[in-house]
Every structure is written in C-alpha cells, then in structure tokens.
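Let chain A serve as the given structure and place chain B on it in line with the hints.
Now for the letters of each chain:
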Amino acid sequence: MRSEYRAPLRLRLGPRHWLLLDGLVAALFGVFTFGILGAREANEALAITATVLATSTLPLARQRPVMAAAGALAVFWLSPISPRYGWIALVPLAYSLYRVAERHRSAVAAPALGAGLTATVAGTLPSFEHLGGVVPFGFVLIVAWTIGFAVRQHRLHGEAILRQEAQRGEERAAQERTRIARELHDVVAHGMSVITVQAAYARLVVRTEPAQAADALAAIETTGRQSLAELRRLLSMLRAGNGSPAEDEPAPSLIDLPRLAENTAHAGVRVDLSVQGESLPLGPGLELSAYRIVQEALTNVVKHAGTDHARVTVEHRPDAVVLDVVDRGRGGDVRQEGYGLTGMRERAALYGGTVLAGPMPDGGFKVSATLPRPADGTS
Amino acid sequence: MTIRVLIADDQPLIRSGLRGIVGTAADLTVVGEAATGLQAVEGILRLEPDVALMDIRMPELDGIRATERLTAAGCATRVLILTTFDLDEYVYGALRAGASGFLLKDVRRTTCTPRSASWPPVTRCSRQM
Chain A
1 MRSEYRAPLR
11 LRLGPRHWLL
21 LDGLVAALFG
31 VFTFGILGAR
41 EANEALAITA
51 TVLATSTLPL
61 ARQRPVMAAA
71 GALAVFWLSP
81 ISPRYGWIAL
91 VPLAYSLYRV
101 AERHRSAVAA
111 PALGAGLTAT
121 VAGTLPSFEH
131 LGGVVPFGFV
141 LIVAWTIGFA
151 VRQHRLHGEA
161 ILRQEAQRGE
171 ERAAQERTRI
181 ARELHDVVAH
191 GMSVITVQAA
201 YARLVVRTEP
211 AQAADALAAI
221 ETTGRQSLAE
231 LRRLLSMLRA
241 GNGSPAEDEP
251 APSLIDLPRL
261 AENTAHAGVR
271 VDLSVQGESL
281 PLGPGLELSA
291 YRIVQEALTN
301 VVKHAGTDHA
311 RVTVEHRPDA
321 VVLDVVDRGR
331 GGDVRQEGYG
341 LTGMRERAAL
351 YGGTVLAGPM
361 PDGGFKVSAT
371 LPRPADGTS
Chain B
1 MTIRVLIADD
11 QPLIRSGLRG
21 IVGTAADLTV
31 VGEAATGLQA
41 VEGILRLEPD
51 VALMDIRMPE
61 LDGIRATERL
71 TAAGCATRVL
81 ILTTFDLDEY
91 VYGALRAGAS
101 GFLLKDVRRT
111 TCTPRSASWP
121 PVTRCSRQM
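Note that the protein sequences, when read in sequence, are chains A and B. Position one of the first sequence corresponds to residue 1 (my numbering), numbered consecutively onward. Position one of the second sequence corresponds to residue 1 (my numbering), numbered consecutively onward.
It should be emphasised that the hints constitute simulated quantities derived from the structure, not laboratory data. Among the clues, some could well be false.
Have a look at the derived ranges for each label pair, beta carbon to beta carbon [to be verified]:
1. B/V91 to A/Q175: 24 to 32 angstroms
2. A/L156 to B/P59: 51 to 59 angstroms
3. B/P59 to A/P258: 52 to 60 angstroms
4. B/R96 to A/H185: 16 to 24 angstroms
5. A/P258 to B/V91: 54 to 62 angstroms
6. B/V91 to A/R203: 26 to 34 angstroms
7. A/L184 to B/A72: 30 to 38 angstroms
8. B/P59 to A/E159: 49 to 57 angstroms
A few chain A residues that face chain B, going by a derived Cβ cut-off under 7 angstroms, partial list only [stated by the list, open to error]:
9. S193
10. V194
11. L204
12. V206
13. A219
14. H309
Being a predicted model, the structure only gives us computed values, none of them experimental. Glycine included, C-beta positions come from ideal geometry on N, C-alpha and C.
Bound-form chain A, shown alone (with noise of 0.2 angstroms):
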C-alpha cells in the first residue's frame, strides 16, 4: 500500500533533508557569489570569512531566522570597506528577514526589518556615493519581509478557525455526551430500579405467596424487555450515520482506505491517497475510528464541497497517526455539517485523538484528526 500511494516530495521530506537541500543551495551559492564577487577583493582572508558567514545564513534561517538576519546584516555593514559585499549579503539578508516575518510575530518582525533597512544605509557609506542603490535595496528587503509577513498572516488564520472549530465542537460534543447519559439514566433508574425492587420482592415472597412472586416475575420479564427496546435505541442512536456493516463482515481499517478512495470516485470525488511513514498497526479499535473518520469526511466532501477533488493523508507519526482529509470545494460554514464533525470528534475522543475542521481561508475544507498511538501497539 505504501508503494502504491506516494505523498508528494515536499511532504516527504523531513527537517534533515531540508537542511541538506538548504545547505547545498547555500554551497552553490557560496561559490557563486565568491566567484564573481569576494575573489575579486582584495583582503582575501576577509572575502572568504564574509562569503562563509553569509552563506551560512541560508541554512540556518529556517530554524533561526533572526541569528540568520544578524550574521547577513553583519556581512551587509562590511558595505563601506566594499560595496560587493553588499552584494553578497543582499539574497541572504532578504531570505532570513523573509524567514523572520513568516516565524515571527510583529514585535519581533519589525523592529528585524527596521534593522535590516538599515543595510541599505551601510551599502551607501563611506562617501554616499551609490544613493541611487538605497531604493532598490530597500524595496527588495520589503518585499520579502512583506512576504514572509503575508505567509504568517495566513497561517494564523487558518490555525483560528481550526482553533475555534474545534472549541465550538467540545461544546457540541460535551450537550450530546449530557443528553446521552440524560437517556441512558433514565432507561437505568426506570427499568433498573424496577427490577430490582421486583426481584427483592419476588425473592422475599417466593415460598410464601408463590403467586405474587409470580407477578413480580411477569413485571421484572416486561420491563426488562422494555428497557432492552430502551437500549437498542439508545445505542442506534449512538451508532446513528455510521453505517452498521453486517456482523460477519471484519471492522474496516486503514488498509481498506484505497478501496474507500475507489468508492468515492465512483461517487464523483477522486481522492489521492497519500500514506507516510511506517504504518505499524493501530489495533482495530483504532484502525476503524481512523478510517471512519475519513469516511465521514470524503462523505461531506460529496455532500457539500461541490467538488471533484479530495486529498487524503495518512501520516504514520512515531506517536500518533495523523489523518487530514482537505478538498478545494466551497470550504462553507461548519456549523452546518455539525452532525459529522460531532461524531468524527467523539470517535477520536474515544482514543485521546482531536479532530480539527473548518473552511481554509483561501477555499476549500479541511478536516485534520490526530490520534495518539497507543503505547503498547494495540488499542
């Protein structure tokens, strides 16, 4: 199954591949820019230290972004000994403060391209000779902060609606959970106690009064028939749009997650399947909540995303298993699809899981349920 669906590059890679991918990129451009620029200077050992330390910022700016802007800005000030090496510190000034904006929030941001702008001061010293570059210089660093900046906003936006979804969807879950065991006392203190002060009684007058144990007997087989009508509801009522598949029939789980993605389409959504990680199994417990939870996803894609298109992924995490379910249909208002979401969320609660949902800022729908990987391998 693994080879069959492949996630896309970018989402295969983890932390150390993008440090190599960063370093290689940075090593390239370290010989570039030495090439055409620091070999031409005529304090060589100062040439190659400033070429290697704004180098180095590249690989560094995806996890320190504002060390990264340092060490660039630093290189960027050698501006008056040189002007080239202002050109050597343009890209990776730009790249880190676009880093900064997009890790950061503004109290940190701003005043880094506060500092940052004033590079372009440094590339006019000594002699203000080339005021004609602060505009340029300026305008680059701008709008990769900007950038950075926009990315940020966007992220955060999308995080409060998942936030607020799921807040909105505990109440949800915690009225259903409170009028379940509203039902499930009543059918206990009705029936329950019924029988009981009937079997005491019967027990009581068995010898006795052979006939009113008789009667308490016929009373404790009508309630308890009642109350097992009582029940059968009641746990209808729970299993309610979930599908009750016959009894022989084994519990799906993720490895019947292709075959869902078949039926789907036939339904008129293609899905791409995506599987990462080792897929260790979950116990089916679990392995059912996990493809439910899809299922009851895909399933509002049909219904409401008035699209052709899903992405499922599977993500084999050490600790959990994390399910993202995302269309680009018409996104829409979660309240609506209430139903669903409340029971995806009460099956993933069921594991110590969390299902966050609600419309993606730039269109579309996304549906994201983590459950935690039970310690032991089994649930």
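This is chain B only, laid out in the frame that chain A set:
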C-alpha cells in the same frame, strides 16, 4: 410497635414492589402511597406516617421540594429519599430540605427490614417517637 410507612414514587411497579417488601416485615405497615410530590405531601400531612419513602423525580413536585414543604410544615414524619444513584447533588439537596436519610433503589432485603441494624433512620425515628 409498628412503624407506619408511606411510599411515594411515580412508578407503580416500584410502589408495588416496595409495598410488598415492606409488607412482609412484621413491624412495618404501609399506610399509603403517592404517585406525585403533591400527593405525597397531602398524604403525609393527612396520615402522619412514621416514615415516608420518597422518590426524587416525580411529576408536579419533586421529592426534594416535597420534603422541603413537609419540613416547613413542621411534620414529624421522617423522610427517606429513594434514589437510583447516590449522586452528591441530590444528597445535599435532600439533606438540606430536611430528609433523614437515603435508600438506594438497589435495595437488599437485609437493608430493607428493620430487624437488621442497617436501617438506622427507622430505628432512630421509632425510638424518638
């Protein structure tokens, strides 16, 4: 001395079962039944039983309100609250209202007959009267 008991519960099958159990004990006698809280208050004030077995969830007036009214009226009847679960909210509410004790509906014969020492409210109340 015979202890006079009134049973208040909205479920007829609970009443009949309790009536049967109480009736088999030589020194207990059921003097009345009530299906609602209002009936219970009315019956207890009229019949003045020694003990009332009072369900909590009843129509018209719940068992805790009914107990409050009896306490306010200065009634000497000891109220034993009947419950399915010993939920704290009910326990405190009922004791504040003036109930003497609780009887879980998973009654056993031993706890239900005054011969056993495990029905203290009844013994205490009969001694006091």
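- Query: At a threshold of 7 angstroms, is the proposed contact between A/H309 and chain B supported by beta-carbon distances?
  - Reply: This interface hint is violated because 51 angstroms lies over the 7 angstroms limit.
- Mind checking the hinted window 30 to 38 angstroms against the Cβ distance between A/L184 and B/A72? Cβ of A/L184 to Cβ of B/A72: about 35 angstroms, so the range 30 to 38 angstroms holds.
- A/V194 as an interface hint toward chain B, with CB separation required under 7 angstroms: holds, 4 angstroms
- Query: Could one say that the CB atoms of B/V91 and A/Q175 fall in the range 24 to 32 angstroms?
  - Reply: holds, 26 angstroms
- Message: Is 49 to 57 angstroms respected by the C-beta to C-beta distance linking B/P59 and A/E159?
- Response: With a Cβ separation near 50 angstroms, B/P59 and A/E159 satisfy 49 to 57 angstroms, so the hint holds.
- Query: Is the hint on A/V206 kept, meaning its closest Cβ partner in chain B is under 7 angstroms away?
  - Reply: Cβ of A/V206 sits 11 angstroms from chain B, so the hint is violated.
- Using Cβ atoms only, decide whether A/S193 comes closer than 7 angstroms to chain B, and label the hint accordingly. Because about 4 angstroms separates A/S193 from the closest Cβ in chain B, which is inside the 7 angstroms limit, the hint holds.
- Message: Tell me if the beta carbons of B/R96 and A/H185 are separated by a distance inside 16 to 24 angstroms.
- Response: Given range 16 to 24 angstroms: holds, Cβ gap about 22 angstroms.
- Item | Beta-carbon spacing of B/P59 to A/P258 - inside the hinted bounds 52 to 60 angstroms or not | For A/P258 against B/P59, whose Cβ atoms are near 57 angstroms apart, the range 52 to 60 angstroms holds.
- Message: 51 to 59 angstroms was suggested as the range; check whether the CB atoms of A/L156 and B/P59 agree with it.
- Response: holds, 54 angstroms
- Assessment of proposed distance window 54 to 62 angstroms (beta carbons of A/P258, B/V91): holds, 56 angstroms
- Does A/A219 meet its interface restraint, that is, does its C-beta lie within less than 7 angstroms of any C-beta in chain B? holds, 5 angstroms
Going through the hint list in order, the structure does not satisfy hints 12, 14.
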